[in-house]
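Those protein sequences? They're chains G and P, same order as listed. Numbered according to the UniProt record's numbering, the first sequence spans residues 1 to 308. Numbered according to the UniProt record's numbering, the second sequence spans residues 1 to 206.
Treat each hint with caution, since some may be false.
Unchecked claim - If you only want the chain P side, here are some residues facing chain G, beta carbon under 10 Å, derived:
(1) A63
(2) L66
(3) A67
(4) N79
(5) R83
(6) M86
(7) E168
(8) L173
(9) A175
(10) V184
(11) R185
(12) E188
(13) Q189
Since the hints were made in silico from the structure, they are not lab data. Here a beta-carbon is modelled for each residue, glycine too, at the ideal position from N, C-alpha and C.
This is what each chain is made of:
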Amino acid sequence: MRFSGLCSAIVLLMLSGLAQAEQSGWALFDKVQTAVRQYNFDTSFVVLKGGKADTYRWIHGRSGDNEIEHLIPLDTNGVDILRRDAQVYYLLTDRPAFVTEASSIAELPALLFEAKDNVSKLYNAVAGSSSVMSGRSAQLLRLTAKDSGRYHYWLWLDDETGFPLRIDTLSEQQNALERWLVTHMQITAEFPDNLNALMAAELPPAASAVAAATPQSSHQLNWMPQGYQQVSNPADIPQLGGSLLSYWLLSDGLHQVSVFVQNAQRMPTQAYRDGATTIYVETQNQLEITVIGPVSIDTARQLAGAVR
Amino acid sequence: MSLENQDWLSAASDNQPLTKAQLDSLLTQAEYQDTLQRYHLIGATLRRETASALPNNFADDFAASLADEPVYQLQNDRNLLQRIRMTVSAAANGRWLQPVAQGAVAAGVALMAVFGMQQYQQTGSADSLSPLPVLQTQPVAGFYTPVSLSQTTVDDRFAEQEQQAMLEQQKRLQALLNAHRQQVRVLEQSQQASQTENSTVNNEQQ
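Next comes chain G alone, as it looks inside the complex (with noise of 0.2 Å):
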């Protein structure tokens, strides 16, 4: 009787301290989720990918309501993203603006900005140990995948402010596929100076949306992994013209999976990966599929394979 009660209250115990991690953790996610939205920061990071590393510097600026956000890739010329409110401005020198309906830049992690909602629904949050990095008091942040298939993600986040410091990608079998690491970081309480101009500047408006005809296709899509949903009206791909036969973009809320069918080009099955991004293309049928999105390749595999 007595050893029962003792065993019952450990359990208890242990429950009750589970939960509280569980909470603890979502409340870091809230914790990133609004350092990243509401402080005005001047900040450098890298995206390591294998051997491949990008870099930007990302300004972020609040004042009142108004949020402008400036992103610009160092490795690329002649490329700059802004976002004003909810207004996303690809300014290319050579060409005119592209301009799209966006309250993220989808260059930035999709996992800072996504509706805790939507994340709960894919991820269990565990809070970690702590750690020092660059100098700083770091707190690990585990985000583990429920669907098995489902890249895992561990955010460290700045102790004092919550801002994020570094993003790792874990496969399935925890390897880091991509790292996403700030180098450098400047919280300051005015807003910074030099985004004074760009939230003045005239800018082109947001192109009309338009919502394109979904193509015919002969082909049907069998299968989708859990947690996956077809977006209904993808936008049109004017630059691959005529020799796309169909075309799914499927979404979970926090990750897109493109899906193209082509006619076949006597290309072999293969598989890329470009950090966390995987690119795999399958022959059957005189039909290529090529499916490219941020699921492991055997996921990938039963994609192309649903086709139809």
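Given chain G's structure and the hints, the job is docking chain P onto it.
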């Protein structure tokens, strides 16, 4: 010394065989020798053989002439090898040699096997201890790739096409990747658009 048994001496002078004891006593006792000499003389006289071609003292002359002869040192000119060969050739005919020789051959083979094996093992262990050769001709992993003139020419012929095909393929994949990224960029907008479209459709229906 009793002379009762001098009959055997008389018989010996008549070329009768002697026993070993009789011969010994004859050789050791001068009386017997004298007696035997006398018996022979008597016999010779009876057979009228006294007239001898040689004088009685010819042995003395012979000894004297031998004494005048120079002394020759006799050399043993057969060397050791020849003597062994002689011994062996003599022994080869012996009944004991063949089994002994067979045994010796068998023992030799056994010894060769034992010592030869040891030597082989020694060379093996020495090989494994010695450092790796500088030029390793065997690939560490995988197989040898066939090397032939015809293959390289075929390669040359198709290398350009292959490279072209690979470039083309990379271009296509890059285009698809860009298209995917573009889709992700405009996702929110297109979703909004489809929602508004749906709502307008609904409104129209209402």
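Verification of the supplied hints:
no. : hint : verdict
1   : A63  : 121 Å, violated
2   : L66  : 117 Å, violated
3   : A67  : 119 Å, violated
4   : N79  : 87 Å, violated
5   : R83  : 89 Å, violated
6   : M86  : 89 Å, violated
7   : E168 : 8 Å, holds
8   : L173 : 6 Å, holds
9   : A175 : 7 Å, holds
10  : V184 : 5 Å, holds
11  : R185 : 5 Å, holds
12  : E188 : 4 Å, holds
13  : Q189 : 4 Å, holds
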